[in-house]
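Novice: As a plain string of letters, each chain reads:
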Amino acid sequence: MHAYESDFREPLINGLDKNYTKITDDIVGPTERTYKGWWPLMIIFGALAGLFVFCLGWTVYYGIGAWGLNKTVDWAWDITNFVWWIGIGHAGTLISAILLLFRQRFRTGINRAAEAMTIFAVICAGMFPVFHMGRVWMAFFIFPYPNTRGPLWVNFNSPLLWDVFAISTYFTVSLLFWYSGLMPDFATIRDRANGKTRKWIYNILSFGWTGTAKQWQRFESLSLVLAGLSTPLVLSVHTIVSFDFATSVIPGWHTTIFPPYFVAGAIFSGFAMVETLMLIVRKVFNLEDYITVNHIESMNKIIVLTGSIVGIAYITEMFIAWYSGYLYEQFAFYNRALGKYWWAYAWMMSCNVLSPQLYWFKPFRRNLWITFILSIFVNIGMWFERFVIIVTSLADDFLPSSWNYFTPTWVDMGIYIGSIGLFMTLFLLFCRFFPVIAIAEVKSVFRTSSEVAKRERALKDEKQNGGFVGHTTFGILDKDDK
Amino acid sequence: MATQSNNYLLGLWDHEEVFLHAIEHIRHDGIEIYETLTPFPVHGLETALGYRDTRLHTAGFLFGATGTTFALSIMSWVMTTNYPLNFGGKPNWPLPSFIPITFEMTVLFAAVGMVLTYCVRNKLFPGYIPRIFDKRTTDDRFALVFDIEGKSEADVEQLKAVLSGQGAVEVKKRIFSENE
Amino acid sequence: MTERFEFTDGIKKTLYILMVVGLVGLLGSFILYPENQHSRFWTNLLINSYFFTGIGIFGIFFVAANTLGYSGWISVVKRVVMSLSGFVVVGAVLTLVIVGASYAHLHNLYDHWMIEDHRKLLDVTKQTFYNPTFWAARMVLYVVLWVVLGNRVVKAFSAKNMNDKAVYKWSKLWAALWILVFAVTESFASWDYVMCIDPHWYSTLFGWYNFASYGCAAFAFSILLVLFLKSRGYLAQVNENHIHDLGKFMFGFSIFWTYLWFSQFMLQWYGNMPEDTNYWVKRFNVPTLKFTIFLALALNFLFPLLVILKRGNKRNYKIIGFASVVIIFGHYLDFFNMVALEPNAVETHHAAKHEASIQKADYTLLAENKGAKEAVAAAEAVATTEAVAATDAAKEEVHATEAHVEHAAEAHGEHATEAHGEHTEGHGEHAAVTSYVGLGIFELMVLAGFVGAFLFMFFNTLSKEPLINESDPYLKESLRHHVEYA
Numbered sequence: 000m001h002a003y004e005s006d007f008r009e010p011l012i013n014g015l016d017k018n019y020t021k022i023t024d025d026i027v028g029p030t031e032r033t034y035k036g037w038w039p040l041m042i043i044f045g046a047l048a049g050l051f052v053f054c055l056g057w058t059v060y061y062g063i064g065a066w067g068l069n070k071t072v073d074w075a076w077d078i079t080n081f082v083w084w085i086g087i088g089h090a091g092t093l094i095s096a097i098l099l100l101f102r103q104r105f106r107t108g109i110n111r112a113a114e115a116m117t118i119f120a121v122i123c124a125g126m127f128p129v130f131h132m133g134r135v136w137m138a139f140f141i142f143p144y145p146n147t148r149g150p151l152w153v154n155f156n157s158p159l160l161w162d163v164f165a166i167s168t169y170f171t172v173s174l175l176f177w178y179s180g181l182m183p184d185f186a187t188i189r190d191r192a193n194g195k196t197r198k199w200i201y202n203i204l205s206f207g208w209t210g211t212a213k214q215w216q217r218f219e220s221l222s223l224v225l226a227g228l229s230t231p232l233v234l235s236v237h238t239i240v241s242f243d244f245a246t247s248v249i250p251g252w253h254t255t256i257f258p259p260y261f262v263a264g265a266i267f268s269g270f271a272m273v274e275t276l277m278l279i280v281r282k283v284f285n286l287e288d289y290i291t292v293n294h295i296e297s298m299n300k301i302i303v304l305t306g307s308i309v310g311i312a313y314i315t316e317m318f319i320a321w322y323s324g325y326l327y328e329q330f331a332f333y334n335r336a337l338g339k340y341w342w343a344y345a346w347m348m349s350c351n352v353l354s355p356q357l358y359w360f361k362p363f364r365r366n367l368w369i370t371f372i373l374s375i376f377v378n379i380g381m382w383f384e385r386f387v388i389i390v391t392s393l394a395d396d397f398l399p400s401s402w403n404y405f406t407p408t409w410v411d412m413g414i415y416i417g418s419i420g421l422f423m424t425l426f427l428l429f430c431r432f433f434p435v436i437a438i439a440e441v442k443s444v445f446r447t448s449s450e451v452a453k454r455e456r457a458l459k460d461e462k463q464n465g466g467f468v469g470h471t472t473f474g475i476l477d478k479d480d481k
Numbered sequence: 000m001a002t003q004s005n006n007y008l009l010g011l012w013d014h015e016e017v018f019l020h021a022i023e024h025i026r027h028d029g030i031e032i033y034e035t036l037t038p039f040p041v042h043g044l045e046t047a048l049g050y051r052d053t054r055l056h057t058a059g060f061l062f063g064a065t066g067t068t069f070a071l072s073i074m075s076w077v078m079t080t081n082y083p084l085n086f087g088g089k090p091n092w093p094l095p096s097f098i099p100i101t102f103e104m105t106v107l108f109a110a111v112g113m114v115l116t117y118c119v120r121n122k123l124f125p126g127y128i129p130r131i132f133d134k135r136t137t138d139d140r141f142a143l144v145f146d147i148e149g150k151s152e153a154d155v156e157q158l159k160a161v162l163s164g165q166g167a168v169e170v171k172k173r174i175f176s177e178n179e
Numbered sequence: 000m001t002e003r004f005e006f007t008d009g010i011k012k013t014l015y016i017l018m019v020v021g022l023v024g025l026l027g028s029f030i031l032y033p034e035n036q037h038s039r040f041w042t043n044l045l046i047n048s049y050f051f052t053g054i055g056i057f058g059i060f061f062v063a064a065n066t067l068g069y070s071g072w073i074s075v076v077k078r079v080v081m082s083l084s085g086f087v088v089v090g091a092v093l094t095l096v097i098v099g100a101s102y103a104h105l106h107n108l109y110d111h112w113m114i115e116d117h118r119k120l121l122d123v124t125k126q127t128f129y130n131p132t133f134w135a136a137r138m139v140l141y142v143v144l145w146v147v148l149g150n151r152v153v154k155a156f157s158a159k160n161m162n163d164k165a166v167y168k169w170s171k172l173w174a175a176l177w178i179l180v181f182a183v184t185e186s187f188a189s190w191d192y193v194m195c196i197d198p199h200w201y202s203t204l205f206g207w208y209n210f211a212s213y214g215c216a217a218f219a220f221s222i223l224l225v226l227f228l229k230s231r232g233y234l235a236q237v238n239e240n241h242i243h244d245l246g247k248f249m250f251g252f253s254i255f256w257t258y259l260w261f262s263q264f265m266l267q268w269y270g271n272m273p274e275d276t277n278y279w280v281k282r283f284n285v286p287t288l289k290f291t292i293f294l295a296l297a298l299n300f301l302f303p304l305l306v307i308l309k310r311g312n313k314r315n316y317k318i319i320g321f322a323s324v325v326i327i328f329g330h331y332l333d334f335f336n337m338v339a340l341e342p343n344a345v346e347t348h349h350a351a352k353h354e355a356s357i358q359k360a361d362y363t364l365l366a367e368n369k370g371a372k373e374a375v376a377a378a379e380a381v382a383t384t385e386a387v388a389a390t391d392a393a394k395e396e397v398h399a400t401e402a403h404v405e406h407a408a409e410a411h412g413e414h415a416t417e418a419h420g421e422h423t424e425g426h427g428e429h430a431a432v433t434s435y436v437g438l439g440i441f442e443l444m445v446l447a448g449f450v451g452a453f454l455f456m457f458f459n460t461l462s463k464e465p466l467i468n469e470s471d472p473y474l475k476e477s478l479r480h481h482v483e484y485a
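Protein chains in written order, with numbering that gives the first Met the number 0: chain L, 0 to 481; chain X, 0 to 179; chain C, 0 to 485.
Quick caveat, the hints were computed from the structure, so don't treat them as lab data.
C-beta atoms are modelled at their ideal positions from N, C-alpha and C, and glycine is treated no differently.
Among the hints, a few may not be true.
Taking CB as the label site, the calculated pair distances span [unchecked claim]:
1) C:Glu2 <-> X:Arg54: 35 to 43 angstroms
2) L:Gly28 <-> C:Arg3: 52 to 60 angstroms
3) C:Lys317 <-> X:Arg54: 34 to 42 angstroms
4) L:Asn146 <-> X:Phe175: 50 to 58 angstroms
5) X:Asn81 <-> L:Gly28: 55 to 63 angstroms
6) L:Arg197 <-> X:Val155: 29 to 37 angstroms
Straight line, CA to CA, 30 angstroms or less: simulated DSS-like cross-link-like pairs of lysine-lysine [as the list claims (entries may be wrong)]:
7) C:Lys164 <-> L:Lys462
8) X:Lys171 <-> L:Lys213
9) L:Lys282 <-> L:Lys21
Generate the whole structure from the sequences, applying the supplied hints.
Specialist: Structure representation (structure tokens):
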């Protein structure tokens, strides 16, 4: 029954002053006062979100010609952004679901914010396909429903339709997963609240949670099954996104490795975005004890793993294209690396494959500045990956008349930059009003994985060994194996 | 609300291991626990309380199976009966094409169905105002609640002694007013 | 804690019997099926060597991954999983035999490019990559790496003083190195062992797909062997929680395998390009293979989904043990489906004829193609004018190669019928050179023999050191391991 953890593991909650109340105080704190720096950030990103709304309005008013959609390749911009955002939206559910199944306790510190990020990223992603339809008020045509246009149904053979289902399901399930975890934490905020209105609002948000044993039992069962469902779901979403490309017979796209390689890439970019945000959050909200260097290091290991998988997939694709003897495939890959978009390919390779290799070395994994810079690099690289795949195959396609060198219009750029504004605005609102760390989950690992617990165990061992301070004493571990 | 009792005795603990031992002891003594409140899921709690396994996952399985059937049958009907068209020479019943949507619908039905069941069973919905026995049970206290409606003062005192003996850091009465 | 496994004569005897059965199977298939340079014998040898070697190297991979992932639960079963690699050295020798024999033209497995006349018909890039010497060098490199580096890594994982920080750190470095080497060699090896049997067909996720197969089988073997050791009174520390976790991995990998199977099949079915689909059409045209393909899918996907998804079943030794046997067989079948066709049914294999047949679009379309069926049916109805219309329809509807369209247009219907007829007759015509393409008694005997050899090497490795490494820093976690949730 005693919680036990090997002393070879680093603590996940630092600080010897920690106890349950302190954890609540530290995490709920940011929702009770406005931190310095919140307003300026909110103004900047809010303005960008405004740009987003403006550019979308422009698109709807003037039509999708504003995106320069005259030639096939001109679609590239919004598809790239769509896939980029969806990819980023993979880490949250991955952290909460897959790491839950793998019993990785480090997930407790970062899962809440990562899931929130997932939801916001999927919102941003969804904007691109919805608005590319032009007449957005008819967007409901994409759903299969009995209608007055004769027995006219959607095409169930189309991967784009699969996308509709995949993304709406993913959004719904992520939201449910995220929110079911939030209820107990809202109840914690409610029970600390002083003002009557605040109490009332957080009670509504908490759905009237009290934390009875039966509730927790069902809670655990629910999170487990949702994790079990989300794990294949998160893989399926990016798999289906990859099907959009791979089912078509365009050289460079029709290759069977696309599904797993897109998924690896999505996890890769998602973790990078989590790192970018977490490094800021832990600093601004003084949560360094909960999002420790240990957490960052673990994420960096996942980055080097997925980065290498993506790298192997690039090489495999390249190799098979050469090996296949299929001229057009060979040209597509030659063109990717050395054609007129070589610079995009160079960005992709150096950001995605080369730069994460630094993380083979411990000092880099544990250096916060390097992590921060690299996490942004990875996001740039992953944007270019999609750009490279989409643009190089479409820019010189079957019809010479539609060949074109791709350049985005100002509306394109405004929407992309604006989507980052929307994302950050939502995230800032989340940080201000919601608990950024899963309070209940962090508490549940307190007795096993906190510095306090480790110290207690070490003292107990010492007592049992008659005062002998053995190699298991925590202090030595602290300096040695990090 | 009329039948619900308003008088409770509350025992509060501050360490989950002591708390678990206390539960085992109290149940062993045959004292009925009205409610158990903890700030986070305590491992082994439902075993200690003798709860049977939740059947939520079974509900999830059934919802999922419904989703699978629903998706497959509607797509089959549309593509073969209601609106058969030739898409790129593919058969009218292209099973591989159905797999992604079938999978998504399975997951969607299972997840939504389960969450709804969960909320109903746990009495969770926006605006529900629960009885809060002690505010600290969502912070750092583990609580056992006993119904003492109609119990004699001596019995209550004895219960208090048991709770304190089991390491409760605080034992107190909680009496709700009628409209609470 | 320092208990060791004793490789008793009783166990050895059983394994010898299995190995003798395997030898008889090998000899029988060699003598009774001399067609195509004893192709049945050689395919059996290749399938099993590859399958069991893969399981062995996966065993090391799994322990390496767990070492890097800081997992604690695995400590008590680590030795069992690692010892799966005992067979790798035997697999290496057999690989060298296959390579040598191929070089000496003693079998036809790699005839597509081993024979110069055939090789010349391939694309230049394929000629380069499947230059026999280059290929042989790669094969030797893989097996040498697996044996030499594998042993070194296993040694690092079995260090006696693992609780020493420095030693522990080294084991992690070896683990990282193994994962790197494994990732690269495994994907290349999957091409060089299996995919190159038919070099016209390629799939970029082939390496991943093989990896998932090894994984399922490796977990199944680990579960069975742990259960066996427990039944003999060893490993009392291992309880249903550890079996449960191994079972979860087996289940997860089964789903992963299905995912990859589907991704590969669906994309090729959807794309409907002759160079992709010919692999499937060839197989679906052989009834026994079509059956084993779907049987493998049922055993490797439906069966785990229905049987081991449930928590209780993963913790029930009898059910999980039975499931493991089924899954091992299912993944054997998977490799069987990949390898067995071409060498045994040479008409699908013969380079020159094959190249031509692709051009003629015999193998262009996957079964159940509505447009093609309608076109053929209409053509059969004859009446020239109608037939011309039908071919026009075929032109529109059939996603065929240019060659096919030309061919159909020339043919004015009758020809299309003829082509179709020729295609179905194909097997009868070439019956003289078709060896046995199906799962028969010899396949099962050889499989049994390899299981015997695999287990022999496993137990031999296992008996050399204590079953549990006492110095493992996570041992205590593993002993207290309790799976809280499904």
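Novice: Starting from the hint list further up, note which numbers the structure goes against and sort them upward.
Specialist: Hint 3 contradicted; others consistent.
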